[in-house]
Amino acid sequence: MVNKRIIELLVGLFMLAGIIAMFVLALKVSGLSMYSGHGSFHVDAIFDNIGDLKVRAPVTIAGVRVGEVGSIDIDNRTFKATVGMRIDKKQDKLPADTTAKILTAGIIGANYIELIPGYAESNLKEGGLITDTQPAIILETLIGQLIYKLGGDKK
Amino acid sequence: MITWIESLGRIGLLFCERAGVSGLFLLRTVFRRPRIMRLFPLIVEQIYAVGVLSIIIIVVSGLFIGMVLALQGYNILERFGAVEQLGQLVALSVVRELGPVIGGLLFAGRAGSSLTAEIGLMQATEQLASMEMMAVDPLWRVIAPRFWAGVVSMPILIAIFCIIAVFGSYLVGVEWLGVDAGQFWSNMQASVNFRIDIINGIIKGLMFGIVITWIAVYQGYYVVPTAAGIGRATTKTVVYGSLAVLGLDFILTSFMLGGW
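Chains as they are written, first to last, in the working numbering: chain A, 117 to 271; chain B, 24 to 283.
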């Protein structure tokens, strides 16, 4: 039989490994609070249609991930979607006239937001608002328009 | 015809008796006089035997299951051009089902069988009876620490299994097959919910731990005290334990998907 102290040590390590595994599962796999709190700033964007965008979807600039979607709400007066984004603190030089559009990764891939920096002198501040946006492209709408146009040609 | 019905009745009665005995056995094990401070060192010793020594088989099988899931998932998702969804596929299937179930089956084979054989041999060589002669309660001294050790170890083993499997799928999917690492994690994080997926997976692990250890100590304690009896009891532990895990998994899943 192994020495008692070694047993206790190993059991302690075992319990510790379990606790660490739970933490990693919580943080890395289920993504509890990834960009939350410090290290990021908050920017809102208003979209006509967000398509299949989900909370925690990536926010990219030129294809590089710089943040994530924090909240999705509907404005109850204009009936447009307000998407709150948490963007990495390092990207605080974004021009104020930055535009946002919702893109899809591949045909059935997940939606994400692409920011396209503008040319303004002033920068986007904490709590800033992006109003110049491009809504998600809904495949069904697109196909509907296509069929409508094809039908129109025959006449 | 009458004898056939008679034998059916006998089987039914025997089943009820077994269920009652094992249920009372579990109750007596759990609700011992709570001398928890003196029980604690015994539990630690058993966690070493049940949990720490099981870690190798759990880690190795977790790694390979994660890797093979990534390989299979990649080949199918590639047809739809959706390989970014690999992280989601692996994480959900491992955390929800494969982790607890395969962990449970391995636990029944690795730890359950050794518990039954150990207690069975103690019973056959009348060590438990002699303990009673010395006014030491074998349920308290032998059974309870092993039971609690199994209940504590199982969720920890499941958590480790899940993490290693996700890591294994990362190795194959990202490092080898070239899925984008950011997409891998972000799709996984977007679809895995801590409360619904991970906590429920760990709850499953806890339930399986209770059931497997219960079966193992019961089979060991009520063994037919011969060499053949111990062998049969060990086999029964593994078979009943595995079947209980699979059956219970279905029931728990149907509860959990029902929004419990």
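Because the hints were derived from the structure by calculation, they are not lab data.
Treat the hints loosely; a few may be bogus.
In silico lysine to aspartate or glutamate, EDC-like type, Cα no more than 20 Å apart, as pairs [to be verified]:
no.	chain 1	residue 1	chain 2	residue 2
1	A	K144	B	E120
2	A	K120	B	E198
3	A	K144	B	E198
Status of each hint after checking the structure:
no.: 1; hint: K144/A - E120/B; verdict: holds, 19 Å
no.: 2; hint: K120/A - E198/B; verdict: violated, 41 Å
no.: 3; hint: K144/A - E198/B; verdict: holds, 17 Å
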